[in-house]
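Going line by line, the protein sequences match chains E and Y. Take any residue in the first sequence, count from 1 to its spot, add 31: that is its number in the working numbering. Take any residue in the second sequence, count from 1 to its spot, add 7: that is its number in the working numbering.
Rather than coming from a laboratory, the hints here were simulated on the basis of the structure. Mixed in with the good hints there might be a few duds.
[Stated by the list, open to error] Just the calculated beta-carbon pair ranges, DEER-fashion:
| hint | chain 1 | residue 1 | chain 2 | residue 2 | range |
| --- | --- | --- | --- | --- | --- |
| 1 | E | THR43 | Y | LYS60 | 39 to 47 Å |
| 2 | E | LYS99 | Y | ASN24 | 48 to 56 Å |
| 3 | Y | GLU74 | E | PRO38 | 35 to 43 Å |
| 4 | E | GLN89 | Y | GLU10 | 44 to 52 Å |
| 5 | E | SER57 | Y | GLU74 | 33 to 41 Å |
Every value quoted in this text rests on a predicted model; they were computed, and no experiment measured them. Cβ atoms here follow ideal geometry from the backbone N, Cα and C, with glycine treated the same way.
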Amino acid sequence: AQSVTQPDIHITVSEGASLELRCNYSYGATPYLFWYVQSPGQGLQLLLKYFSGDTLVQGIKGFEAEFKRSQSSFNLRKPSVHWSDAAEYFCAVGPSNDMRFGAGTRLTVKP
Amino acid sequence: DTEVTQTPKHLVMGMTNKKSLKCEQHMGHRAMYWYKQKAKKPPELMFVYSYEKLSINESVPSRFSPECPNSSLLNLHLHALQPEDSALYLCASSQSTGGRTGELFFGEGSRLTVL
Chain E
32 AQSVTQPDIH
42 ITVSEGASLE
52 LRCNYSYGAT
62 PYLFWYVQSP
72 GQGLQLLLKY
82 FSGDTLVQGI
92 KGFEAEFKRS
102 QSSFNLRKPS
112 VHWSDAAEYF
122 CAVGPSNDMR
132 FGAGTRLTVK
142 P
Chain Y
8 DTEVTQTPKH
18 LVMGMTNKKS
28 LKCEQHMGHR
38 AMYWYKQKAK
48 KPPELMFVYS
58 YEKLSINESV
68 PSRFSPECPN
78 SSLLNLHLHA
88 LQPEDSALYL
98 CASSQSTGGR
108 TGELFFGEGS
118 RLTVL
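Let the hints inform the model, and build the full structure from the sequences given.
So, in structure tokens, the structure goes:
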């Protein structure tokens, strides 16, 4: 069965610093991978997705993620974090009718 | 701006009340979903509708009753809920179910409190 692990429950970074959020997945076939962001009390917004092809994918708000099949990872990165990036980040895997979400990583941005 | 609209944004109900949550999308998507999200937890899938037919029910208690009147609308009827049902209920849609077309578009959610 497919599953997602986000090892970091909470990460704090300074504004302007770089960011990497980790995601490891377990999936039997070619994975469909997603990163979503959720601000408090809001719905989830898609940052980026990977289906196939180039393993480095670009998303919205300056985020990118790299798919590494050998490591079963799909880590999210941003070179310079803004205070508005503070939110909960969810990695997800699978087709839409069986999408599994990781537990989430809460990002705090220090001024 | 989200293209999936959920109403109401907040709902408070007693355990004997009957209420409904509504969800609407105008993206021409043929799959719609209900998720439940407790505080500090990821969303949990409740129901999937594909082409207006219920295709997945994740063993949700019968006090939650979904309805898909047409391809743009999705309702969740609530009756005799328990306090532990208090949560953020998220609606989502996708072009269809499956892989490449399966990107989910979420609404902003309905915050439900059961007293």
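Taking the hints in turn, this is what the structure says about them:
no. : hint                             : in the structure
1   : E/THR43 with Y/LYS60: 39 to 47 Å : 46 Å, holds
2   : E/LYS99 with Y/ASN24: 48 to 56 Å : 50 Å, holds
3   : Y/GLU74 with E/PRO38: 35 to 43 Å : 39 Å, holds
4   : E/GLN89 with Y/GLU10: 44 to 52 Å : 22 Å, violated
5   : E/SER57 with Y/GLU74: 33 to 41 Å : 34 Å, holds
Hint compliance for this structure: hint 4 is the single one not met.
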